[in-house]
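Peer 1: Each chain, written out:
2 protein chains.
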Amino acid sequence: MSQINSSLPSIDRLVEAFQRLPGIGPKSAQRLTYHLIKMKREESAELASAALGIKDNLTTCEICFNISEKSQCSICSDNERNSQIICVVEEPLNVLAIERSKIFKGLYHVLYGVISPVDAIGPDNLKISELTQRIKNNEIKEIIIATNPTLRGEATASYIRDMVLELDKSVEISRLARGLPSGSDIEYVDDSTLVHALNSRSSLK
Amino acid sequence: MSQINSSLPSIDRLVEAFQRLPGIGPKSAQRLTYHLIKMKREESAELASAALGIKDNLTTCEICFNISEKSQCSICSDNERNSQIICVVEEPLNVLAIERSKIFKGLYHVLYGVISPVDAIGPDNLKISELTQRIKNNEIKEIIIATNPTLRGEATASYIRDMVLELDKSVEISRLARGLPSGSDIEYVDDSTLVHALNSRSSLK
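Those sequence lines, one after another, are chains A and B.
Take 1 as the starting number for the first sequence in our numbering and just add one per residue.
Take 1 as the starting number for the second sequence in our numbering and just add one per residue.
So that you can see chain A by itself, here it is in the shape it has in the complex (with noise of 0.2 angstroms):
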């Protein structure tokens, strides 16, 4: 971490408390430092505002455990959304990813990370017993799981997927299509997403 001291306390504390959001290194930090003391008085105390009222106001969501301001988020108490499917991510952002597509109209379960043993997390400090809970009583036709295509990822919807079929239930369980990504460049495409496009490929027929 290169060094920062522009002699002011009032600075050096903005930079330090930029500098601990991811992907903010020292130089952003003081830019974002000096570009905050350029701004309008109202400007600042908005985001100031704004960064206090994210912990005032939020909660997470009963049933899914998505961020909300409700004690129920405005997914789950959408009456028009298919309540039967439940789609498990690993963190409230890919909520927001999946409902951009506008493709998904059913519920979220969101997991908080994904199991690792290295990091000591387990199953049990995920929201997958939740999970459990709420297959078992409610009727669910489908489990897709969308934790990343990454080895964690897929570790943790592999557990998941033995712990619904344990349940013994007529649930459907899925997970995301692996291939490969739109407008990308077969000749830069790794190793790996090829033997899925590969092995997933579909019939033109």
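Check the hints yourself; a few may be wrong.
Which copy is meant is left open, because identical chains are indistinguishable; a pair holds if it fits in one copy or across any two.
Stated by the list, open to error - Simulated pairs of lysine to any residue, SDA-like, Cα-Cα distance not exceeding 20 angstroms:
(1) K38 - S49
(2) K55 - A45
(3) K38 - A120
(4) K38 - E16
(5) K38 - G53
(6) K70 - L52
(7) K40 - E91
(8) K70 - P22
(9) K38 - E142
(10) K141 - I85
(11) K169 - E80
(12) K27 - S101
(13) K38 - E62
(14) K40 - Y112
(15) K141 - S202
If you're looking for bench data, these hints aren't it; they were derived computationally from the structure.
With the hints as your guide, set chain B onto chain A.
Peer 2: The following block gives chain B in isolation, referenced to the frame of chain A:
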């Protein structure tokens, strides 16, 4: 700008506040916001309070216009610095950069921008007349013009040079050297830099 819509006003509000900062696009703003949700309350409160403090505690130095907590900045009020040399820079961040090099022991003068007719910024919008006054009223031996090596930076440097010459005082005027940046690869250096590196080549004899 990609659409942001988490359907949660407190999230959208912080995402928008982050997006107003330089170099932060919709995706980064979203990632920062969700990081803040996961942060401890003290940490997000610290960011908010530091962002507010930056406005409450700062002013500009009455001599050099650098950002300061007192009416005179720590550099201008340091008796060990050479008050006969003034380094003219575009922005307060440039002062930090030059201070980091630890090689300059004179004072600064912050212009707050460069002359840019397209953006309707003329000499009167910058701290140029204040610089003239400083040179008139003090015993100054050298003015180092350290505006950026860009078209506008050069134009501003040349304007300041003419202005200092008009004062008809025996003041040295210099400009930061241009050439190859340390660690660069000549193959990838732009033509303009190479022209300067060749023209200002130094003898090895």
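Peer 1: Against each hint, give a clear statement of whether it holds in the structure.
Peer 2: Hint check:
Taking identical chains as interchangeable, the C-alpha atoms of K38 and S49 lie at most 20 angstroms apart whether they share a chain (18 angstroms) or sit on different chains (17 angstroms). Taking the closest pair of Cα atoms, K55 and A45 come within 20 angstroms of each other both inside a single copy (16 angstroms) and across two copies (9 angstroms). In this assembly of identical chains, the alpha carbons of K38 and A120 lie at most 20 angstroms apart only when taken from different copies (18 angstroms versus 44 angstroms within one copy). Taking the shortest Cα distances, K38 and E16 sit within 20 angstroms of each other both inside one copy (18 angstroms) and across copies (18 angstroms).
Taking the shortest alpha-carbon separations for K38 and G53, only the inter-copy value of 13 angstroms comes in at or below 20 angstroms, while the best intra-copy value is 23 angstroms. Proximity of K70 to L52 under the C-alpha cut-off of 20 angstroms is restricted to the intra-copy arrangement: shortest distance 18 angstroms within a copy versus 29 angstroms between copies. Only between protomers do K40 and E91 lie at most 20 angstroms apart by alpha-carbon distance; the minimum there is 17 angstroms, versus 34 angstroms within a single protomer. Taking CA atoms no more than 20 angstroms apart as the test, K70 paired with P22 passes in neither setting, with 27 angstroms inside one copy and 33 angstroms between copies.
For a Cα distance limit of 20 angstroms, the shortest separation of K38 from E142 qualifies neither inside one copy, at 53 angstroms, nor across copies, at 29 angstroms. In this assembly of identical chains, K141 and I85 lie within 20 angstroms of each other by CA distance solely inside one copy; the values are 6 angstroms within and 78 angstroms between copies. For the homomeric pair K169 and E80, neither the shortest alpha-carbon distance inside one copy (25 angstroms) nor that between copies (80 angstroms) is at most 20 angstroms. Taking the closest pair of Cα atoms, K27 and S101 come within 20 angstroms of each other only across two copies (15 angstroms); inside a single copy the shortest separation is 35 angstroms, beyond that limit.
Taking the closest pair of Cα atoms, K38 and E62 come within 20 angstroms of each other only across two copies (17 angstroms); inside a single copy the shortest separation is 42 angstroms, beyond that limit. In this homomeric assembly, K40 and Y112 come within 20 angstroms of each other (Cα to Cα) only across copies, at 16 angstroms, whereas the closest approach inside a single copy is 37 angstroms. For the homomeric pair K141 and S202, neither the shortest alpha-carbon distance inside one copy (25 angstroms) nor that between copies (78 angstroms) is at most 20 angstroms.
In this structure, the earlier hints numbered 8, 9, 11, 15 are contradicted, and the remaining ones agree with it.
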